[in-house]
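Engineer: Chains as they are written, first to last, in the numbering used here: chain Z, 1 to 279; chain H, 1 to 332; chain V, 1 to 326.
Calculated from the structure, these hints are not laboratory results.
A hint or two may mislead.
DSSO-like mimics (lysine-lysine), calculated; alpha carbons at most 30 Å apart, straight line [unchecked claim]:
| id | chain 1 | residue 1 | chain 2 | residue 2 |
| --- | --- | --- | --- | --- |
| 1 | V | Lys64 | Z | Lys266 |
| 2 | Z | Lys3 | V | Lys64 |
| 3 | Z | Lys99 | H | Lys7 |
| 4 | Z | Lys99 | H | Lys185 |
| 5 | Z | Lys99 | H | Lys178 |
| 6 | H | Lys101 | H | Lys185 |
| 7 | Z | Lys185 | H | Lys112 |
| 8 | H | Lys65 | H | Lys132 |
| 9 | H | Lys178 | Z | Lys185 |
| 10 | Z | Lys185 | H | Lys104 |
| 11 | H | Lys185 | H | Lys239 |
| 12 | Z | Lys99 | H | Lys10 |
| 13 | V | Lys291 | Z | Lys3 |
| 14 | V | Lys233 | Z | Lys267 |
| 15 | V | Lys315 | Z | Lys99 |
| 16 | H | Lys225 | H | Lys20 |
| 17 | V | Lys75 | V | Lys291 |
| 18 | H | Lys274 | Z | Lys185 |
| 19 | H | Lys116 | H | Lys185 |
| 20 | H | Lys65 | H | Lys7 |
| 21 | H | Lys225 | H | Lys10 |
| 22 | H | Lys104 | H | Lys153 |
| 23 | H | Lys132 | Z | Lys267 |
| 24 | V | Lys131 | V | Lys291 |
| 25 | H | Lys185 | H | Lys65 |
| 26 | H | Lys239 | H | Lys330 |
| 27 | Z | Lys99 | H | Lys20 |
| 28 | H | Lys101 | H | Lys10 |
| 29 | H | Lys116 | H | Lys101 |
| 30 | V | Lys131 | Z | Lys267 |
| 31 | H | Lys132 | H | Lys178 |
| 32 | Z | Lys185 | H | Lys153 |
| 33 | H | Lys20 | Z | Lys185 |
| 34 | H | Lys178 | Z | Lys266 |
| 35 | Z | Lys3 | V | Lys315 |
| 36 | V | Lys233 | V | Lys64 |
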Amino acid sequence: MKKPWYQVTAFYAFVIFVVVQAVFPFYYAIITSFKSGTALFEITYLPTTFSLQNYYDVLFKGNGTFLQNLWNSVWVASVTVVVALFIGTTAAYALSRVKFRGRGVLLMTILGVSMFPQVAVLAGLFEVIQGLGIYNTDWSLIFSYTIFTLPFTVWVLTTFMRDLPVELEEAAIVDGATPWVIVTKIFLPLMWPALVTTGLLAFIAAWNEYLFALTFTASNNAARTVPVGIALLSGSDSHEIPWGLIMAASVLVTVPLIVLVLIFQKKIIAGLTAGGVKG
Amino acid sequence: MANIQLKNVKKSFGAVNVIKGVDLDIRQGEFMVFVGPSGCGKSTLLRLVAGLEDITSGTLSFDGKVVNALPPSERGIAMVFQSYALYPHMTVYQNMAFGMKLAKSSPDEIDKRVRKAADMLQIGQYLDRLPKQLSGGQRQRVAIGRAIVRDPKVFLFDEPLSNLDAALRVATRLEIAKLHHAMGKTTMIYVTHDQVEAMTLADRICVLRDGLVEQVGTPLELYEKPANLFVAGFIGSPKMNFFNGNFADAYKAHTIGVRSEHMEFVSRGGWQGKVIHAEKMGSDTYSFVDVGSAEPVIIREIGTSRHDIDAKVAIAPVDGKVHRFNEQGKAI
Amino acid sequence: MSAIEPTPSDTPIRNQLVAGRVRSAWIFLTPMLVTLIIVAAWPLARSIWFSLTDASLLHYPEAKFIGLGNYYYSKTITMDSGATTTTMKGVLVDGAWWNAVWNTIRFGLVSVLLETLLGMAVALVLNAEFKGRGIVRAAILVPWAIPTVVSAKMWGWMLNDQLGIINDLLLRMHVISEKIAWAADANYSMIAIVAVDTWKTVPFMALLILAGLQQVPGDVYEAASIDGVHPIKVFWKITLPLIRPALMVAVIFRLLDALRIFDLVYILTPNSSQTKTMSVISRENMFDFDKLGYGSAESTLLFLVLLVMVTLYMKLGRVNFDGGVQ
Numbered sequence: 001m002k003k004p005w006y007q008v009t010a011f012y013a014f015v016i017f018v019v020v021q022a023v024f025p026f027y028y029a030i031i032t033s034f035k036s037g038t039a040l041f042e043i044t045y046l047p048t049t050f051s052l053q054n055y056y057d058v059l060f061k062g063n064g065t066f067l068q069n070l071w072n073s074v075w076v077a078s079v080t081v082v083v084a085l086f087i088g089t090t091a092a093y094a095l096s097r098v099k100f101r102g103r104g105v106l107l108m109t110i111l112g113v114s115m116f117p118q119v120a121v122l123a124g125l126f127e128v129i130q131g132l133g134i135y136n137t138d139w140s141l142i143f144s145y146t147i148f149t150l151p152f153t154v155w156v157l158t159t160f161m162r163d164l165p166v167e168l169e170e171a172a173i174v175d176g177a178t179p180w181v182i183v184t185k186i187f188l189p190l191m192w193p194a195l196v197t198t199g200l201l202a203f204i205a206a207w208n209e210y211l212f213a214l215t216f217t218a219s220n221n222a223a224r225t226v227p228v229g230i231a232l233l234s235g236s237d238s239h240e241i242p243w244g245l246i247m248a249a250s251v252l253v254t255v256p257l258i259v260l261v262l263i264f265q266k267k268i269i270a271g272l273t274a275g276g277v278k279g
Numbered sequence: 001m002a003n004i005q006l007k008n009v010k011k012s013f014g015a016v017n018v019i020k021g022v023d024l025d026i027r028q029g030e031f032m033v034f035v036g037p038s039g040c041g042k043s044t045l046l047r048l049v050a051g052l053e054d055i056t057s058g059t060l061s062f063d064g065k066v067v068n069a070l071p072p073s074e075r076g077i078a079m080v081f082q083s084y085a086l087y088p089h090m091t092v093y094q095n096m097a098f099g100m101k102l103a104k105s106s107p108d109e110i111d112k113r114v115r116k117a118a119d120m121l122q123i124g125q126y127l128d129r130l131p132k133q134l135s136g137g138q139r140q141r142v143a144i145g146r147a148i149v150r151d152p153k154v155f156l157f158d159e160p161l162s163n164l165d166a167a168l169r170v171a172t173r174l175e176i177a178k179l180h181h182a183m184g185k186t187t188m189i190y191v192t193h194d195q196v197e198a199m200t201l202a203d204r205i206c207v208l209r210d211g212l213v214e215q216v217g218t219p220l221e222l223y224e225k226p227a228n229l230f231v232a233g234f235i236g237s238p239k240m241n242f243f244n245g246n247f248a249d250a251y252k253a254h255t256i257g258v259r260s261e262h263m264e265f266v267s268r269g270g271w272q273g274k275v276i277h278a279e280k281m282g283s284d285t286y287s288f289v290d291v292g293s294a295e296p297v298i299i300r301e302i303g304t305s306r307h308d309i310d311a312k313v314a315i316a317p318v319d320g321k322v323h324r325f326n327e328q329g330k331a332i
Numbered sequence: 001m002s003a004i005e006p007t008p009s010d011t012p013i014r015n016q017l018v019a020g021r022v023r024s025a026w027i028f029l030t031p032m033l034v035t036l037i038i039v040a041a042w043p044l045a046r047s048i049w050f051s052l053t054d055a056s057l058l059h060y061p062e063a064k065f066i067g068l069g070n071y072y073y074s075k076t077i078t079m080d081s082g083a084t085t086t087t088m089k090g091v092l093v094d095g096a097w098w099n100a101v102w103n104t105i106r107f108g109l110v111s112v113l114l115e116t117l118l119g120m121a122v123a124l125v126l127n128a129e130f131k132g133r134g135i136v137r138a139a140i141l142v143p144w145a146i147p148t149v150v151s152a153k154m155w156g157w158m159l160n161d162q163l164g165i166i167n168d169l170l171l172r173m174h175v176i177s178e179k180i181a182w183a184a185d186a187n188y189s190m191i192a193i194v195a196v197d198t199w200k201t202v203p204f205m206a207l208l209i210l211a212g213l214q215q216v217p218g219d220v221y222e223a224a225s226i227d228g229v230h231p232i233k234v235f236w237k238i239t240l241p242l243i244r245p246a247l248m249v250a251v252i253f254r255l256l257d258a259l260r261i262f263d264l265v266y267i268l269t270p271n272s273s274q275t276k277t278m279s280v281i282s283r284e285n286m287f288d289f290d291k292l293g294y295g296s297a298e299s300t301l302l303f304l305v306l307l308v309m310v311t312l313y314m315k316l317g318r319v320n321f322d323g324g325v326q
């Protein structure tokens, strides 16, 4: 059954369109970031100049603010992920493996919290963060990001753990293992792939967050994360948007993510589908 | 090393009653097989003995001591699972040593016991391998080895052979029988749906159906004196021939049952019928004869049959080998 | 055996294993529950409380309870002449709020519809066997991986009126006759937002739908092709009904996400009343206009809308009460 040539052509044309539209904006950001001065004002589809001026400026001018922002992002996202995984793993064990009254309601609540509009807790969080004295610090973000990383982590790890064989746990019970031993000695070593996936997705979510970062750290340069940093980037001339700088910064914060996503492609797709929809 | 006694043991999951009151005595050193069709509750019963499930009501005692409340690790049991349930990230050695390590035994003692069990099962050369590097049969041995290391009073098997191919199943069956002899004082409970495994391994068999015990007895008792229609039909292959109506009336019973080897071709009298099919096994031949009863009658003959398909024949049960059952299906 | 039964046989004795496991489960859950109460439940309760007060950013500790005043409040003043004038205040009679509600709904419906259709198309392509499928799958993950702030900036640059490549491209193709300020022009800003959000989210939709498609057993298609059913009919009669549950859940999931959109709008089209959404206006009132109580009333309304939708999601997602999604 050979398909007619026009169908095949149309199919591949669509495929090429899908690929080009997906990668073109990022490609364009890259070629823009290599342009400096007046080159920015010429619209070109192919790279014309190769200048690292924008990268130099964004990284080392402005008192290294952007480097500080980058470091904040890495720090905030990493700590958030570690906290979420730590608290999430034991909770996921309880939710996936032990039958107890109220389990269903609890799972629903957790799923509900992960779909929360962040703005609904903004005023209350502001008060709590002020009260704790962590306003305008990176801790305010680690604190507030837990609201979405923790439910997500618990939910995805619960789906993963539910798929581990029951008999494995029962063998451990017969061997005299307590729930703590089961989690740490039997399940954790088997869950590395799931932990990597979940951690990665939570990391990306924390890395990309904007609303809390804008609200809780915008007035302190030193505590900002990169999304806020990029949004607030301004050039020497306040009337002119420094597109070259912005694109260089954008490329810098995106490349690590794209590399991670491409390396862990399969796991990420599995994690996304487990977190969102499963049947 | 333990007598196990179940008194009116019941188990329900929510509104579903799975075990509906089981009384059973399992003697020390005995090899007891729970057998029955799927869904009869045999695995649940084993898990109740193991302590993996809560007993809803009734008592379970080991050597006269009620153990309902004891967790599995304190009952002195070991269990071999259907899927082996080896810890995938641990070597064979670590798998076998895990329980003793948790019990804080000394490393020397652990080493001694692991090596002894490994020698017994001839898996000494695999101790450093991971489960995924082993064949199905080897994994099964490791699972048994892990149980032996615990030096249990009661050894539990949950359909341990169902994942093996036919040849390996026969070989492993033999291994388990040998193990039972070697560990003479250890009580063993074995769950299977395969009546051949039950017949070949058991000291006594407990036939279960719908959460109730149908009959308990030695393999031959069950074969020769089935207590009811269900046991009669379940034990033995091919299935016992059953007859109702006029066939049974002649024997003053509601139903009669005759095993295939207890039917014979007769030259005179008997039931008239026609051969409709024959299975030639070489050593035996099973002829299927239609005599007008509900199902064709199966007759076993040694060697090859002298009866062709479509031949008109007369058959009759061997005297004294007819099982009679009343309307409730109980043996008379 | 013994003359005295140790316990009456009808009294259930709980196995220590089962009881111990339930106890451990609650111990294991405690850190998560405490954390969620501190970071979610308490702040939510406080936000709702603020919505019933006259709280401002600087004076929120002394906020006074004013009932539903932030939501709706009418006051009739009798003048000396005896004539009365009635003034109505509150979110529910605030034109700017209803504008934001309308923007949010418009954005949500249009973008989710587009994303579903395009996501379905991409998913169907990815479900077919062809050379280079892996590359396509990797490529469509790129928009998803780019932080929203970055994609807002990238598209802001590409959609720039004078220097933007999109205008250049469309002019060359004679689709438009003059340069358009996509983000700044009130007539086009919503189109820009929908376009960028669609670009970013189609991959996610496609992957979810693809997961649904891959659960359809292949022999169903083989049977259909042996029966000579036309491919389009196969899609409508076989594929779509089979993936409908997964699709419905994905759609509602996305809709929930779309209704709380903030960052893209805030960065790509700042201060445009044509695109201002519920999240944006609510935060603006709280932190830019110093009306913490009023903004909280708006955020509480958004929360209530989403709560209804989450409930819907759970129902349609057939979330089973005792084992999560199955």
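Engineer: All the hints need checking, so say for each whether the structure fits it.
Structural biologist: Against the structure, the hints come out as follows:
{"no.": "1", "hint": "V:Lys64 with Z:Lys266", "result": "53 Å, violated"}
{"no.": "2", "hint": "Z:Lys3 with V:Lys64", "result": "73 Å, violated"}
{"no.": "3", "hint": "Z:Lys99 with H:Lys7", "result": "27 Å, holds"}
{"no.": "4", "hint": "Z:Lys99 with H:Lys185", "result": "37 Å, violated"}
{"no.": "5", "hint": "Z:Lys99 with H:Lys178", "result": "39 Å, violated"}
{"no.": "6", "hint": "H:Lys101 with H:Lys185", "result": "25 Å, holds"}
{"no.": "7", "hint": "Z:Lys185 with H:Lys112", "result": "23 Å, holds"}
{"no.": "8", "hint": "H:Lys65 with H:Lys132", "result": "40 Å, violated"}
{"no.": "9", "hint": "H:Lys178 with Z:Lys185", "result": "34 Å, violated"}
{"no.": "10", "hint": "Z:Lys185 with H:Lys104", "result": "15 Å, holds"}
{"no.": "11", "hint": "H:Lys185 with H:Lys239", "result": "35 Å, violated"}
{"no.": "12", "hint": "Z:Lys99 with H:Lys10", "result": "20 Å, holds"}
{"no.": "13", "hint": "V:Lys291 with Z:Lys3", "result": "64 Å, violated"}
{"no.": "14", "hint": "V:Lys233 with Z:Lys267", "result": "34 Å, violated"}
{"no.": "15", "hint": "V:Lys315 with Z:Lys99", "result": "22 Å, holds"}
{"no.": "16", "hint": "H:Lys225 with H:Lys20", "result": "24 Å, holds"}
{"no.": "17", "hint": "V:Lys75 with V:Lys291", "result": "20 Å, holds"}
{"no.": "18", "hint": "H:Lys274 with Z:Lys185", "result": "66 Å, violated"}
{"no.": "19", "hint": "H:Lys116 with H:Lys185", "result": "18 Å, holds"}
{"no.": "20", "hint": "H:Lys65 with H:Lys7", "result": "12 Å, holds"}
{"no.": "21", "hint": "H:Lys225 with H:Lys10", "result": "27 Å, holds"}
{"no.": "22", "hint": "H:Lys104 with H:Lys153", "result": "19 Å, holds"}
{"no.": "23", "hint": "H:Lys132 with Z:Lys267", "result": "22 Å, holds"}
{"no.": "24", "hint": "V:Lys131 with V:Lys291", "result": "57 Å, violated"}
{"no.": "25", "hint": "H:Lys185 with H:Lys65", "result": "18 Å, holds"}
{"no.": "26", "hint": "H:Lys239 with H:Lys330", "result": "18 Å, holds"}
{"no.": "27", "hint": "Z:Lys99 with H:Lys20", "result": "23 Å, holds"}
{"no.": "28", "hint": "H:Lys101 with H:Lys10", "result": "34 Å, violated"}
{"no.": "29", "hint": "H:Lys116 with H:Lys101", "result": "16 Å, holds"}
{"no.": "30", "hint": "V:Lys131 with Z:Lys267", "result": "22 Å, holds"}
{"no.": "31", "hint": "H:Lys132 with H:Lys178", "result": "26 Å, holds"}
{"no.": "32", "hint": "Z:Lys185 with H:Lys153", "result": "26 Å, holds"}
{"no.": "33", "hint": "H:Lys20 with Z:Lys185", "result": "37 Å, violated"}
{"no.": "34", "hint": "H:Lys178 with Z:Lys266", "result": "48 Å, violated"}
{"no.": "35", "hint": "Z:Lys3 with V:Lys315", "result": "42 Å, violated"}
{"no.": "36", "hint": "V:Lys233 with V:Lys64", "result": "63 Å, violated"}
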